[in-house]
Amino acid sequence: MVYQPYPTPPLIRLRFLFLIVWLSCTNKTTASGIEIAFNCTASRLEDGGYWTMVGTDTIFMNTLRFYTTDLKLVSGDKVVYTDSVAHLIDLTNPEGLHSFNVTMEKAPDFDAISFELGIDSTSNCSGALAGDLDPMHGMYWSWQSGYINLKAEGSVGSLKSYNTEIQYHIGGYLYPFLAAKKVELQTKSSNRIRVCFDLNRFLKATLSSGENHIMSPGTKAVSLSQAAVNAFMICQP
Amino acid sequence: MKRIALFLIGLLVLGVSFRPEKIRFEIPDGWPRPTYDFSKNPLTEEKAALGRMLFYDPLLSRNNTISCASCHSPFNAFAHSDHALSHGINDSIGSRNAPGLFNLAWQRSFMWDGAINHLDVQALAPINHPREMGEDFKNVIEKLNGQPSYRGMFYRAFHDSVATGERTLKSISQFMITLVSNQSRYDSAQRGQTTFTTQESNGYSLFKANCANCHQEPLFTNRSFERNGLSVDPQLNDQGRAKVSGDTSDSLRFKVPSLRNVEYTAPYMHDGRFKKLRDVIQYYGSADPASFSIQPTHAIVLTPNQKTDLLAFLLTLSDKKFLMDPSHWDPAMVASRGGNRR
Chain C
1 MVYQPYPTPP
11 LIRLRFLFLI
21 VWLSCTNKTT
31 ASGIEIAFNC
41 TASRLEDGGY
51 WTMVGTDTIF
61 MNTLRFYTTD
71 LKLVSGDKVV
81 YTDSVAHLID
91 LTNPEGLHSF
101 NVTMEKAPDF
111 DAISFELGID
121 STSNCSGALA
131 GDLDPMHGMY
141 WSWQSGYINL
151 KAEGSVGSLK
161 SYNTEIQYHI
171 GGYLYPFLAA
181 KKVELQTKSS
191 NRIRVCFDLN
201 RFLKATLSSG
211 ENHIMSPGTK
221 AVSLSQAAVN
231 AFMICQP
Chain G
1001 MKRIALFLIG
1011 LLVLGVSFRP
1021 EKIRFEIPDG
1031 WPRPTYDFSK
1041 NPLTEEKAAL
1051 GRMLFYDPLL
1061 SRNNTISCAS
1071 CHSPFNAFAH
1081 SDHALSHGIN
1091 DSIGSRNAPG
1101 LFNLAWQRSF
1111 MWDGAINHLD
1121 VQALAPINHP
1131 REMGEDFKNV
1141 IEKLNGQPSY
1151 RGMFYRAFHD
1161 SVATGERTLK
1171 SISQFMITLV
1181 SNQSRYDSAQ
1191 RGQTTFTTQE
1201 SNGYSLFKAN
1211 CANCHQEPLF
1221 TNRSFERNGL
1231 SVDPQLNDQG
1241 RAKVSGDTSD
1251 SLRFKVPSLR
1261 NVEYTAPYMH
1271 DGRFKKLRDV
1281 IQYYGSADPA
1291 SFSIQPTHAI
1301 VLTPNQKTDL
1311 LAFLLTLSDK
1321 KFLMDPSHWD
1331 PAMVASRGGN
1341 RR
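Chains as they are written, first to last, in the working numbering: chain C, 1 to 237; chain G, 1001 to 1342.
Simulated from the structure, these hints should not be mistaken for laboratory data.
It is possible that some hints are incorrect.
Said to hold, decoys possible - Taking lysine-lysine pairs in the BS3-like style, the calculated list, with each CA pair at most 30 Å apart, reads: (1) C:Lys220 <-> G:Lys1243; (2) C:Lys151 <-> G:Lys1275; (3) G:Lys1208 <-> C:Lys151; (4) C:Lys182 <-> G:Lys1040.
Whole structure, please, built from the sequences with the hints as guidance.
Written as structure tokens, this is what we have:
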């Protein structure tokens, strides 16, 4: 980033000076962190994509991105930690991190985690948002309002037919087509939790529905969202 | 920690000032409370100025030829004159008529069918539309970050020279929010500063009896989706609100447009099917009220004189001050004429 200089009145400079002094005097307490790392259980391609076989069809995926929000750590029937921030996970970005960290004073014990796959209705009606929710990330519909909770794009090549495109843009925030759904997974306490997306399982479900293009909210999007939820699991470290 | 301190010292050395000029958004007497949430995007001169620059900049389109103003001209109260259906990139023709843009802070949803739920995300639609500006929004942001003049403007508006999607969209909203039209002859008459002619006041009575349940004062819209009995164009087959809500009872309902500045926003209706206001009045005079979504208590029967009276009233909604306000115009054009009020 380049910062453009503009002249400052002396009073503001003084304020910065105070800030520096204050920052250097405050003692940071050591915090614990938990990393939530996402992976895709399919063969990786050089460009960041994946391939897998469903029946006799070979499927190449070049886009697999989704939002997770409202992470919860659960112990018994009690929620011991909540992080409501939205994270955009791009499993097909070769350089991007497929994980996020949550920090807390002391990591609690937990036996399950949960998160929402997608964006809640309020955020969907709040105009332009920043960070991972910035519409410039390509996870926002433009012709009508709303976030795309999960974007999966690729192609199916089968022995019988030529390559056909598959394109799923799953979202929808209006009743009764709310697409955001909760993923709940049992796991042991750890400072690194590995969540896997079983691409094969997801594609088996979506391809059996016979739909190769789902690009707008509706009943089909809701059932595809459920198929995606079912494809998440904890993988062994 | 060290990096933050170094950075702050850097800033200190360079010296940075940031004092945005707040804009007071005034609500005209008797108007409802705006729906736009100002707390999430407080109006400042710097952001509105940036938004105005963006609104007139063809950089927002794929081949740098189409700006928002290509379809929303300030001299037509920000509607698209002469074009029934909007005319975008590479001469492509869209499927709807571009409405005027004003008093948007009061609007609940946007587009003829309300497909857009918030003003901030409105600009994404034309930018991404292959027949409007045909550009990828991410690419727009990259182009903006590559322009030194914009980096300066983003800096002044956000205390950070980096253009992001959020900042870009919020700035465009700010410019559009400042487009308030409440200086028409009708408004003066309401304030008691002028009186209507007999013809205009007859027209006003006819308006209140036949039109005002949908085109409600003072915004001249009930901010809802209604059916005014128009037949479907078989080629466009536009079902209106039903496409968004998925509810068949919304079939052929469209946003009730404001009638402010209606003199300037021809052609009329979602598909621009009527070229002249007279055609619209002719239509309502022959419409079957049973096909309206709000049932009138009586059929709209208008004698030729009454039609002229109604027309005279509609013309009192023209706000010339709004059209002639250079602070709404293309900043480049205003600069070259040597005057700019904002």
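| Those earlier numbered hints the structure runs against, lowest number first | 2 and 3
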